[in-house]
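The lines below spell out each chain.
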Amino acid sequence: MLDLGSTHLIDVDLFPCGFLTTAKDRKIIVANRYFEESLGRKGLEGKCLNELLTKASQLFCDSYVVPTVFRDGRCCEVLLTLRSGSGHTTPKVVNVQKMADGGLSWAFIEADNRARLFKELEAARCAVEVQREELEQLSRTDALTGIANRRQFDDALHRIFKDAERSEQPVALLIMDLDNFKTINDRYGHDVGDKALQALAGVLKMTARETDTIARFGGDEFACILPNTDVDAANELGRRVHKYISELAFQCSITISIGISTRTAEIPIKHTVALKRADQALFCAKKAGRNTTFVWGQ
Amino acid sequence: MIDTDVRHRNSVSVVGTGKKTLVLAHGFGCDQTMWRLLTPHFQDQFRIVLFDYVGSGKSDPRAFRGKKYSELKGYAEDIIDVCEALDLEDAILVGHSVSSMTGLIAAIEVPRLISKLVMVCPSPFFLNDPPHYHGGFERADLEGLIELMDQNYIGWANHLAPLVMGTSGEGLTEELVDSFCSTDPLFAKTFAKATFFSDCRHLLDKATQPTLILQSTHDALASVSVGEYVHANMAHSKLEVVEANGHCLHMTHPREIAPSVINFASA
Numbered sequence: 001m002l003d004l005g006s007t008h009l010i011d012v013d014l015f016p017c018g019f020l021t022t023a024k025d026r027k028i029i030v031a032n033r034y035f036e037e038s039l040g041r042k043g044l045e046g047k048c049l050n051e052l053l054t055k056a057s058q059l060f061c062d063s064y065v066v067p068t069v070f071r072d073g074r075c076c077e078v079l080l081t082l083r084s085g086s087g088h089t090t091p092k093v094v095n096v097q098k099m100a101d102g103g104l105s106w107a108f109i110e111a112d113n114r115a116r117l118f119k120e121l122e123a124a125r126c127a128v129e130v131q132r133e134e135l136e137q138l139s140r141t142d143a144l145t146g147i148a149n150r151r152q153f154d155d156a157l158h159r160i161f162k163d164a165e166r167s168e169q170p171v172a173l174l175i176m177d178l179d180n181f182k183t184i185n186d187r188y189g190h191d192v193g194d195k196a197l198q199a200l201a202g203v204l205k206m207t208a209r210e211t212d213t214i215a216r217f218g219g220d221e222f223a224c225i226l227p228n229t230d231v232d233a234a235n236e237l238g239r240r241v242h243k244y245i246s247e248l249a250f251q252c253s254i255t256i257s258i259g260i261s262t263r264t265a266e267i268p269i270k271h272t273v274a275l276k277r278a279d280q281a282l283f284c285a286k287k288a289g290r291n292t293t294f295v296w297g298q
Numbered sequence: 001m002i003d004t005d006v007r008h009r010n011s012v013s014v015v016g017t018g019k020k021t022l023v024l025a026h027g028f029g030c031d032q033t034m035w036r037l038l039t040p041h042f043q044d045q046f047r048i049v050l051f052d053y054v055g056s057g058k059s060d061p062r063a064f065r066g067k068k069y070s071e072l073k074g075y076a077e078d079i080i081d082v083c084e085a086l087d088l089e090d091a092i093l094v095g096h097s098v099s100s101m102t103g104l105i106a107a108i109e110v111p112r113l114i115s116k117l118v119m120v121c122p123s124p125f126f127l128n129d130p131p132h133y134h135g136g137f138e139r140a141d142l143e144g145l146i147e148l149m150d151q152n153y154i155g156w157a158n159h160l161a162p163l164v165m166g167t168s169g170e171g172l173t174e175e176l177v178d179s180f181c182s183t184d185p186l187f188a189k190t191f192a193k194a195t196f197f198s199d200c201r202h203l204l205d206k207a208t209q210p211t212l213i214l215q216s217t218h219d220a221l222a223s224v225s226v227g228e229y230v231h232a233n234m235a236h237s238k239l240e241v242v243e244a245n246g247h248c249l250h251m252t253h254p255r256e257i258a259p260s261v262i263n264f265a266s267a
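Residue numbers (the working numbering), protein chains in the order written: chain A, 1 to 298; chain B, 1 to 267.
Keep in mind the hints are simulated off the structure, nothing from the lab. As the structure is a computational prediction, the values presented were derived from the model and not from experiment. Certain hints may be false.
[Claimed, not checked] With a Cα cut of at most 27 Å, we get these calculated DSSO-like pairs of lysine-lysine:
id: 1; chain 1: A; residue 1: 195; chain 2: A; residue 2: 182
id: 2; chain 1: A; residue 1: 47; chain 2: A; residue 2: 27
id: 3; chain 1: A; residue 1: 205; chain 2: B; residue 2: 73
id: 4; chain 1: A; residue 1: 55; chain 2: B; residue 2: 193
id: 5; chain 1: A; residue 1: 47; chain 2: A; residue 2: 98
id: 6; chain 1: A; residue 1: 162; chain 2: B; residue 2: 58
id: 7; chain 1: A; residue 1: 24; chain 2: A; residue 2: 42
id: 8; chain 1: B; residue 1: 189; chain 2: A; residue 2: 119
id: 9; chain 1: B; residue 1: 67; chain 2: A; residue 2: 205
[Unchecked claim] Output of the computed footprint for chain B on chain A, the stretches with three or more beta carbons under 8 Å from beta carbons of chain B:
id: 10; region: 49-57
id: 11; region: 60-66
id: 12; region: 69-81
id: 13; region: 112-123
For each residue, glycine too, the CB sits at the ideal point set by N, CA and C.
Based on the provided sequences and hints, a complete structural model is requested.
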């Protein structure tokens, strides 16, 4: 019984909150009756508090609660799970404070509803996170071909050129489009045009390395960014793309034109310049009769 | 990945001088500062590489990728990246707790980088798998731990202390009271899940590197029998059991384990 003056007395045993004092090693010195009754346990004095905690709560006490109490003097509003006498688990909100003699005083309050609420909130948070990731992926993917869209391409181009600035490794950029795409659409219909775009994306996926970025850049324009790749290797990739396109069993003949530009340690151009140069090379390929590859400056 | 990027990304620091290089890999809930009591014993004889995994310590949080770091392989890639960024070959990898396993994965993936392994309080699998393996925990125990991390996420990840405590509930010395690591709750939870639910037992016999296993006699997370299991499954391994309380021998018993590590690394 606590004496708070002449008229107010509090019966700690019956106060609707579990009180506990322990030594530094968590041996229980005193437990109030409410705590023992709420757990359905008796004779707790002398036992280790760890016996009342789930294994998870013991680990949590070790790595967070007790070190925090030793450092800050107290640790408040922690949710721990206790084991009742009948073997059930019961969540409690816990405040712990260091006492003058180095021991610890603990207060335990019921937290069943709060624990349920946390679970619901966590489930909702996880669902939102999954949706956010899905939406982000969608916003960076071309819906028709499933490869990167312009937004992802721009990010990758910027990043890869920045890396190349530091590493001084060459980067190659290929820009390509389907020859006479408008004619395919007009003659065979847009569904066939779409299939031609998908076929080209399929060839690029098959040809590119994992570290390369392939993207649908515009209507029928595609791009490949090839890190650590010199002009010869880029040309070789272009040659293989032409070859695979020519081997496609497609309902009409499709060919592509490719423009290539490169950034090297000796010619350290910016990504915007590389883009312009690849575009100019593509224009040259078109002018030269299509179904071919041009390298800027060659 | 570019050298300078990895150095920044993993907050790599290099101390000491010597022909041989020790790479020290911290465990869950820690960062490279946890090695501070051990490094003075090594720095006159070895070059010491310290780093933080992405999501821990002073690593670059922008490099965190949930999917990559939800598996131990992702953390092993950090080790490989750090070794490659520093052009290391034949380094001796000292891994605490889960880093014994991420180090093992790295050693199997790129053997030329790592010539020897030192495992401080390793556990290849924290769950019990009766009748032959006793990892120490039931699945519900560890799922409960993840749940507690969620429920206490405000506060917890900012004041995470290494799991120094042993089986008796004692062991946190005053010196280590300030050994808190502050981390992002999402990163810490991702690391916790990868740590506590990965099963690396099948990898133990895949590494050919000589391995020193240091196990504590009273460790709530990895018992002596777990150390014996690791030893039995690694052909070129040596087990030393240290009379100690807790899971952080490098912090609680640096003087005791330093000579063993030095002898093993120098041989």
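Quick rundown of the hints versus the structure:
no. : hint          : verdict
1   : A:195 - A:182 : holds, 14 Å
2   : A:47 - A:27   : holds, 6 Å
3   : A:205 - B:73  : holds, 25 Å
4   : A:55 - B:193  : holds, 16 Å
5   : A:47 - A:98   : holds, 19 Å
6   : A:162 - B:58  : holds, 23 Å
7   : A:24 - A:42   : holds, 22 Å
8   : B:189 - A:119 : holds, 15 Å
9   : B:67 - A:205  : holds, 22 Å
10  : 49-57         : holds (count 5)
11  : 60-66         : holds (count 5)
12  : 69-81         : holds (count 7)
13  : 112-123       : holds (count 4)
In terms of the numbered hints stated before, the structure departs from none.
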